[in-house]
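Peer 1: Below are the chains, spelled out letter by letter.
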Amino acid sequence: MSAETLFLSGDAALLGLAVTGGFAARKPLAGTLVYGGALAICAAMLVLALVELLGHANGEALVLPLGLPWIGAHFRVDALSSFFLVVINLGGAAASLYGLGDARHERSPERVLPFFPAFLAGMNVVLLADDAYSFLLSWEFMSIASWALVMAHHRESDNARAGYVYIVTASFGTLMLLLAFALLASPAGGYAFDAMRAAKPTPGVAALAFILALIGAGSKAGIVPLHVWLPLAHPAAPSHVSALMSGVMTKVAVYGFVRIVFELAGPVGWWWSVPVLAVGAGTALLGVLYALMQHDLKRLLAYHTVENIGIIFIGLGFALAFKVFGMPSAAALAMTAGLLHVFNHSLFKSLLFFGAGAVLSATGQRDMDHLGGLIHNMPRTAFTFLVGCAAISALPPFNGFVSEWLTFQAILLSPALSSWVLKILAPAVGALLALSAALAAACFAKAFGITFLGRPRADAAKHAREADRLVLAAMFVLAALCLLAGILPGLFIDALSPAVSAMVGGRMPAQAGIAWLSIAPIAESRSSYNGLLVFLFITISASLAASFIHRFASDALRRAPAWDCGFPDPSPTTQYTAESFAQPIRRVFGSVAFVARERIDMPGPGETRAARFELTLGDRIWDELYVPLIAFIERASLRLNRLQFLTIRQYLGVVFGALVTLLVVLASWP
Amino acid sequence: MALIVDLVFQLLQMTLVIAVAPLLTGIVRATKSRLLRRRGPSLIQPYRDLIRLARKEAVVADSASWLFRFVPYLVFAATWVAAALVPTFATGLLFSWSADLIAIIALLGSARFFLALAGLDVGTSFGGLGSSREALFGALAEPAMIVIVFTLALVAGSTQLSTVAAYMASSFVGLRVSLGMALVALIIVALAENGRVPVDNPATHLELTMVHEAMILEYSGRHLAVIELAAMLKLVLYVSLIMCVFAPWGLAIADASVADRLLGAFLYLAKLAVAGVALGVFETSIAKMRVFRVPDFVGAALMLGFLGALLLFVSRTLK
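Protein chains in written order, with the working numbering: chain A, -15 to 654; chain B, 34 to 352.
Just so you know, these hints were derived from the structure itself, not from any lab.
Note that the structure is a prediction, hence the values are computed from the model and not measured.
One should not assume that every hint holds.
[Unchecked claim] FRET-style restraints, in silico, Cβ to Cβ: (1) A:R88 <-> B:Y80: 57 to 65 angstroms; (2) B:F325 <-> A:Q628: 36 to 44 angstroms; (3) A:F597 <-> B:Y80: 44 to 52 angstroms; (4) B:R81 <-> A:F551: 44 to 52 angstroms; (5) B:S66 <-> A:A544: 32 to 40 angstroms; (6) B:V291 <-> A:A499: 46 to 54 angstroms; (7) B:A303 <-> A:F597: 49 to 57 angstroms; (8) B:R81 <-> A:G590: 48 to 56 angstroms; (9) B:R67 <-> A:F551: 29 to 37 angstroms; (10) B:D95 <-> A:A594: 53 to 61 angstroms; (11) B:V347 <-> A:V576: 25 to 33 angstroms.
[Said to hold, decoys possible] Below, a list of computed lysine to aspartate or glutamate pairs in the EDC-like style, where the Cα atoms sit at most 20 angstroms apart: (12) A:K446 <-> A:D353; (13) A:K446 <-> B:D293; (14) B:K89 <-> A:D353.
Even glycine gets a Cβ: it sits at the ideal position worked out from N, Cα and C.
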């Protein structure tokens, strides 16, 4: 049986599970059944995808008599899709494990259980699709299933708006992709990807398709300024679905972009990398700045997804640039950096959303300013969340650092590009990437520090209980993978190389043969990094220092009230909060990016009322781009509304006019 | 045999940086005292302080978690590993390839991240104040450092610090505008990262402008000793970094003889002393900045470093 058949039967099983979940949602064991089944299926598909990826799959297209009658539905697994299948099914398996542990906290299982497996199936089929029709159909299926999950708790304030904004942007994105595919399909209707690969579109058509793909796939991935739905929708869903949407669904969007731009759109134009790099760098910086301003833990994580998508697009942009200017090995390095970050981000973002979900289940709070001190009652959750924070902040020896390091190495190759625009853009992109990486560390020092450290700011945080064992298991597995991918990056880079070489036509030097399991992207004399040794060195020197001091100096310890310069305040509200932690950064960046305004109302001498501090944050992109756009659409629809109240004579006139116009256009078409 | 010699020199390097770290701090303090016409403590006072602190019992706040006791060793280890990878008197250390310059910066970033968490752990306002300011300074200094690395890497064709140092020491590099900008930027970053005077004052307590000292306010005893030692190590690291790139005279290149390496070690100690005195003079002659002037100061480093890198990126075609 071919791999395609196996994958499709797995997806069919997921759909069956969805139907079962729909009918049996209120039954006591429904959650166990659905999540257990999803876990088993995802794990099986993960193994299968790994086999395909490591076995250098390049399957034949499987054509099923579904979909449009004269095309049929094509499915195919190649190196690129098998890599993304690994990412998706790993995330899916982890989310199912979390769901298994957390299912009893769900208030309305009938709104989650049917859609969760359907969502997984939708994402899987997008990767299998080998023609535009099944791609778009499963893409839309994935969007609608996730929309249903966003609306699971639709009675909570803001969730309905989140769902509305999401469905509008998702439809807009699909429309853009539809137009992109329509441009790429030959006039004879070659909607199969094979036909598109064979067709040679003119540069103009290819460029238009590229722009449409950037907008369409980018809106799903969350590039600025099309990201507005993401921080609304991702946190609104149940936590394991948030993890799937942020950690995995955005990767499906990256897949769509890579598939269309690197493969289907034909010869790449020299300037294509410029918008990708500009958008990537802007997305990275704005994403992390937005994240820094949040005090809702899940929304902070969602904004941070925006940043990481930016980093991925920077890698892809450099890959495009190197590919065009005939530097395949450099293109392979940049592409590897981007794809490795896809994998890494799916690991730590899922882990962090699970942590946020565990906190939400334990305290009922997402607002960090009502949390604090959770490390005492939830030590294991805190530990894994800390690992996730260190990984996403690109701290060695974890995995986030490896992909950012590779991106920097790719940037250092860019002076050889023979384009002035790119030469000037490259260091700017590098500086912005460095700035957003450093801000990410600040952001996660805040996320972990305010949520888990300090003293509890509310009773809910004081009486929190440790998360369920299966929830912890899901988090520990992901944390272990974060460390593994950080200390043995060579294994992962080598596994990626078939997917990379299929897209850019070059490959990185094999990392498996390098001494001591180091990685060296170009040559060892140029740059190398060894996560394993860094990890060992840190562990050994820390334990050496600790044991030396405990042995020869002192190991006495006394507990006492906090010192705080002699004036400790017993009230936990005097601690730093999410807002105050970010205040210095807000003062530096906020006035430009957020129109941040602080107003202090100080009572005069003799007055006894309390002083007030007010902080208002605007969202430039929403106010200056979306508000006018929405106003324009409203005005236009009011105008068009008149069309509903015409007489039959006028309707006939309109129909006649439209017909004549179309015929004239058709007659004058070249 | 060569491997054993290399290993010995690597271990020697690791002990050397720890051994001289308090001395460098002692030199800076003595210089500052003399310039203020005080007699000041002796040069080895920092050693005495560290031993005294290490022997005392550690007092830990009631609200502190396990992280609080774990962080000092982690910060120390990350700083020590980073310092061990910067060439001091010889390049081509045994493990110098395990982390390049970008990884060294990231290791220091790890140390800062965990120290900021420790500042938040006890739940006092001073700790939060220190952490949030450190987060801002770090967020500006780290990218500045990365763009400086861009410049160095493009000049030397490698991000490997040993290779960069060897290139700077051996061949005729000449005067380059980019390198000049990188040097100024690097000095600014070094001042900011080590909490030296225009940015932070290592000698103050109970001052509203303190940053590093506010974060570690709750630490005492051996924990404080380890953190202080890590801070001293960081100063040595930055001085060594500036020296090995911009003043690599006497640096023993990979296959140098033992005599050359010994000479390199003596020269290195001399360079450290000069740097310590220079830092003392600089700190005495300048006033501390307001906290919100610091982003301009460090931002200038970012811009200078960026301009330097940009010049190199663009000038590549002219060759």
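Peer 1: So, for every hint listed, does it hold in this structure?
Peer 2: Hint check:
Here the CB-CB span from R88 (chain A) to Y80 (chain B) is close to 59 angstroms, well matched to the stated 57 to 65 angstroms. Look at F325 (chain B) against Q628 (chain A): about 58 angstroms separates their beta carbons, and that is not inside 36 to 44 angstroms. Distance hint check for F597 (chain A) and Y80 (chain B): the Cβ-Cβ separation is about 47 angstroms, which falls inside the suggested range of 44 to 52 angstroms. One distance hint, 44 to 52 angstroms for the beta-carbon pair R81 (chain B) and F551 (chain A), is violated here, with the actual separation near 30 angstroms.
For the hinted restraint 32 to 40 angstroms between S66 (chain B) and A544 (chain A), the CB-CB distance of approximately 33 angstroms keeps it satisfied. Our hint of 46 to 54 angstroms for V291 (chain B) and A499 (chain A) is violated, since their Cβ atoms are close to 26 angstroms apart. For A303 (chain B) and F597 (chain A), the hinted distance range of 49 to 57 angstroms is satisfied, since their beta carbons lie about 54 angstroms from each other. Here the CB-CB span from R81 (chain B) to G590 (chain A) is close to 54 angstroms, well matched to the stated 48 to 56 angstroms.
The beta-carbon spacing between R67 (chain B) and F551 (chain A), approximately 36 angstroms, falls within the hinted interval of 29 to 37 angstroms. Checked against the hint of 53 to 61 angstroms, the C-beta distance between D95 (chain B) and A594 (chain A) comes to roughly 30 angstroms, which is inconsistent with it. In this structure the hint that V347 (chain B) and V576 (chain A) lie 25 to 33 angstroms apart at CB holds, the actual value being about 27 angstroms. For a cut-off of 20 angstroms, the pair hint linking K446 (chain A) to D353 (chain A) stands: about 13 angstroms separates their Cα positions.
For the given pair, K446 (chain A) sits about 62 angstroms from D293 (chain B) by alpha-carbon distance, which is inconsistent with the 20 angstroms threshold. At most 20 angstroms may separate the alpha-carbon atoms for a hinted pair to count; K89 (chain B) and D353 (chain A) exceed this at roughly 36 angstroms.
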